[in-house]
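A.B. asks: Each chain, written out:
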Amino acid sequence: MQIIFYIAAVVALLATVRVVSATNPVHALLNLIVSLLAVALIFFTLGAPFAGILEIIVYAGAIMVLFVFVVMMLNLGDATVAQERKWLQPKVWIGPAFLSLVLLIELGMMLPRDGVLHPAGHTLVDGKQVGMALFGPYLLVVELASMLLLAALVAAYHLGRQDEKE
Amino acid sequence: MSWLTPEVIDVLIKIVQALFILVATVFVVANLIWLERRLLGLWQDRHGPNRIGPFGVGQTVADMMKLIFKEDWLPPFADKITFLLAPVIAMSALLMAMAIIPFTPNWGVADLNIGILFFLAMAGIGVYAVMFAGWSSNSKYSLLGGVRATAQTISYEVFMGIAVMGVVAVAGSFNMRDIVAAQKDVWFIVPQFFGFLVFSMAGVAVAHRAPFDLPEAESELASGYHTEYSGLKWGMFFVGEYAGVVMVSALLVTLYFGGWYGPGPEWLAFFWFSLKTLVFIVLFVLIRAALPRPRYDQVMDAGWKVCLPLSLINLLGTGAVILLRADLG
Chain X
6 MQIIFYIAAV VALLATVRVV SATNPVHALL NLIVSLLAVA LIFFTLGAPF AGILEIIVYA
66 GAIMVLFVFV VMMLNLGDAT VAQERKWLQP KVWIGPAFLS LVLLIELGMM LPRDGVLHPA
126 GHTLVDGKQV GMALFGPYLL VVELASMLLL AALVAAYHLG RQDEKE
Chain Y
487 MSWLTPEVID VLIKIVQALF ILVATVFVVA NLIWLERRLL GLWQDRHGPN RIGPFGVGQT
547 VADMMKLIFK EDWLPPFADK ITFLLAPVIA MSALLMAMAI IPFTPNWGVA DLNIGILFFL
607 AMAGIGVYAV MFAGWSSNSK YSLLGGVRAT AQTISYEVFM GIAVMGVVAV AGSFNMRDIV
667 AAQKDVWFIV PQFFGFLVFS MAGVAVAHRA PFDLPEAESE LASGYHTEYS GLKWGMFFVG
727 EYAGVVMVSA LLVTLYFGGW YGPGPEWLAF FWFSLKTLVF IVLFVLIRAA LPRPRYDQVM
787 DAGWKVCLPL SLINLLGTGA VILLRADLG
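These protein sequence lines map, in sequence, to chains X and Y.
Take the first sequence: its letter number 56 is residue 61 in our numbering, and every next letter is one higher.
Take the second sequence: its letter number 213 is residue 699 in our numbering, and every next letter is one higher.
Simulated from the structure, these hints should not be mistaken for lab results.
Backbone N, C-alpha and C define an ideal beta-carbon position, used for all residues, glycine too.
Among the clues, some could well be false.
Stated by the list, open to error - Negatives, chain Y to chain X, calculated, CB over 12 Å:
1) W489
2) K500
3) Q503
4) G544
5) M550
6) L553
7) I567
8) G620
9) A637
10) F660
11) N661
What the hints assert, rightly or not - Here are the simulated DSSO-like pairs of lysine-lysine, each with C-alpha atoms no more than 30 Å apart in a straight line:
12) Y/K552 x Y/K500
13) Y/K670 x Y/K500
14) Y/K626 x Y/K556
15) X/K133 x Y/K500
16) Y/K566 x Y/K552
17) Y/K566 x Y/K556
18) X/K133 x Y/K556
19) X/K91 x Y/K566
20) Y/K566 x Y/K626
What the hints assert, rightly or not - Among the chain Y residues that face chain X by a calculated CB cut under 10 Å, a handful are:
21) E493
22) L629
23) G632
24) V676
Model the full assembly from the supplied sequences, consistent with the hints where possible.
C.D. replies: What follows is the structure, encoded as structure tokens:
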């Protein structure tokens with residue numbers, strides 16, 4: 006299991022780097038999809054197949070489809086690629102790299118605290134456990150999320166409404 | 487032979503089984519080329535391919551030879567990586583999904599506890615095939631086909647998912663074997679009839695087969711997202727489409743028609759499964775032969791205004807019945 010985790014992690018990291026550094030927007034999105042699939046595989050190795058498959062269905066299968074759809078419709082040509090290449094100068098990397106380094110140091114300090122790593126992959130969390138957690142202790146969060154979705158639904162209905170012909 | 491422990495033999499048997507299922511699926515998919523054209527010929531009162539071999543069964547081989555020797559043209563205006571990747575996704579996504587189908591009580595590739603969700607994930611990945619094909623070809627027809635395919639497929643995947651949840655709620659599991667086992671007494675077509683209606687319609691749309699073949703409508707879009715493809719790459723799209731037909735037929739049988747159950751002794755399990763699947767494959771062809779193609783807005787209207795409410799009400803009703811039974815029993 007560990008070797009699968011490391012392979013998936015390396016794939017996810019490389020793909021994510023390419024998401025940032027790719028100049029063609031569709032290639033960047035393609036890399037983001039690969040990265041999401043690799044993260045889903047990590048969920049599988051951690052013993053959370055339900056979360057992993059939802060990651061593929063929701064993120065890779067629905068949200069990213071909309072991203073690609075929009076980029077496809079915009080029909081960005083070579084001009085955008087050239088512009089993107091112009092923006093990706095080495096000096097642009099300095100700020101984010103410094104901020105990420107701070108986070109990395111923090112992570113490095115957090116992980117081996119007390120010499121005990123957080124246990125994962127010992128229990129299988131499948132759909133039933135997720136459902137019981139959602140509609141038990143986290144019921145309020147589910148209700149709030151459904152309110153948010155209702156607002157989105159009303160907005161979408163309003164936008165898609167056709168005015169009656171006189 | 488110390489390494490030949492029972493576990494290793496078990497793994498080897500499983501691998502051989504999986505390979506056999508893959509080869510058999512590809513064989514069935516390939517021969518659909520011939521079956522579909524013969525059946526279309528029968529229903530449209532003409533001959534269909536009848537030259538090569540008895541009843542023209544050799545047509546598949548002839549078509550494949552033709553595809554292999556055709557010039558494999560890579561358009562200079564295309565985006566190379568995505569152009570090459572699209573047919574690979576088209577063919578592999580739905581063939582991968584075949585892994586979750588339980589053919590008999592003992593045969594099947596993967597016995598996943600997330601079962602049916604794996605199919606939904608693979609169908610979701612399959613959308614990228616048409617999207618990338620449509621975009622990377624850098625041609626108007628392809629892009630229009632790709633846009634149509636994307637909007638149609640992600641819409642119908644929603645209803646498909648909700649319709650399947652009715653079955654999952656009744657069976658109490660995502661696992662395909664549990665779902666089949668729950669149909670021992672009564673097939674889910676009876677309690678989940680509306681779910682079946684939505685699922686079969688969405689299945690045709692997700693496999694973008696006629697009458698939902700607007701992404702490749704040859705009369706208006708040349709052939710949609712695969713206009714620029716030729717040779718083996720086009721062949722992979724073709725195989726992907728038929729893989730979708732076989733996959734959706736096998737799923738309909740597993741989810742709503744009792745999978746391997748049927749009258750007679752237990753060793754007939756595979757016979758019943760393949761017979762039921764064949765019936766649905768033939769139905770796919772019959773629908774193509776019988777129905778004209780609707781307008782694109784009609785397809786989307788039918789989805790969001792009929793399928794979505796129907797599947798939601800079905801899920802609501804199923805949940806109510808399950809809770810009521812739990813209270814009574």
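A.B. asks: Compare the structure with each hint and give your call.
C.D. replies: Here is how each hint holds up against the structure:
1. The Cβ of Y/W489 sits about 20 Å from the closest Cβ of chain X, beyond the 12 Å cut-off, so the non-interface label holds.
2. Once the 12 Å rule is applied to beta carbons, Y/K500 is consistent with being away from chain X; the minimum gap is 18 Å.
3. Distance check for Y/Q503 against chain X: the nearest CB is about 22 Å away, which clears 12 Å, and the non-interface claim stands.
4. For Y/G544, the shortest C-beta to C-beta distance to chain X comes to about 39 Å, beyond the 12 Å cut-off, and the non-interface label holds.
5. At the 12 Å boundary, the C-beta of Y/M550 stays outside the reach of chain X, the nearest C-beta of that chain being 30 Å off.
6. For Y/L553, the condition that its CB be more than 12 Å from all CB atoms of chain X holds, with the nearest at approximately 27 Å.
7. With a minimum CB-CB distance of about 7 Å to chain X, Y/I567 fails to clear the 12 Å threshold, and the non-interface call is violated.
8. The claim that Y/G620 is not at the interface with chain X is violated, since a C-beta of that chain comes within 12 Å of its own (minimum 7 Å).
9. Chain X draws Y/A637 into its interface by the beta-carbon criterion, the shortest separation being 8 Å against a cut-off of 12 Å.
10. With a minimum CB-CB distance of about 6 Å to chain X, Y/F660 fails to clear the 12 Å threshold, and the non-interface call is violated.
11. Taking the minimum C-beta to C-beta distance to chain X, about 10 Å, the non-interface status of Y/N661 is violated against the 12 Å cut.
12. In summary, the hint linking Y/K552 to Y/K500 is not supported, as the alpha carbons are separated by about 35 Å, beyond the 30 Å threshold.
13. Proposed proximity of Y/K670 and Y/K500 is supported: the alpha carbons are some 26 Å apart, at most 30 Å.
14. Taking the CA atoms of Y/K626 and Y/K556, the gap is about 24 Å. The hint holds against a cut of 30 Å.
15. Between X/K133 and Y/K500, the direct Cα distance comes to roughly 28 Å. Compliance with the 30 Å bound is thereby established for this hinted pair.
16. In summary, the hint linking Y/K566 to Y/K552 is supported, as the alpha carbons are separated by about 24 Å, within the 30 Å threshold.
17. For the given pair, Y/K566 sits about 19 Å from Y/K556 by alpha-carbon distance, which is consistent with the 30 Å threshold.
18. Distance check on the hinted pair: X/K133 and Y/K556 sit about 52 Å apart at the alpha-carbon level, beyond 30 Å; violated.
19. About 23 Å separates the Cα atoms of X/K91 and Y/K566, which keeps this hinted pair within 30 Å; it holds.
20. At most 30 Å may separate the alpha-carbon atoms for a hinted pair to count; Y/K566 and Y/K626 meet this at roughly 17 Å.
21. For Y/E493, the interface hint is violated, the least distance from its beta-carbon to any beta-carbon of chain X being 17 Å, above 10 Å.
22. Of the supplied interface hints, the one on Y/L629 holds, with its beta-carbon coming within about 7 Å of a beta-carbon of chain X, less than 10 Å.
23. Of the supplied interface hints, the one on Y/G632 holds, with its beta-carbon coming within about 7 Å of a beta-carbon of chain X, less than 10 Å.
24. Violation of the interface hint for Y/V676 is found here, the shortest Cβ-Cβ separation to chain X being roughly 25 Å, above the 10 Å cut-off.
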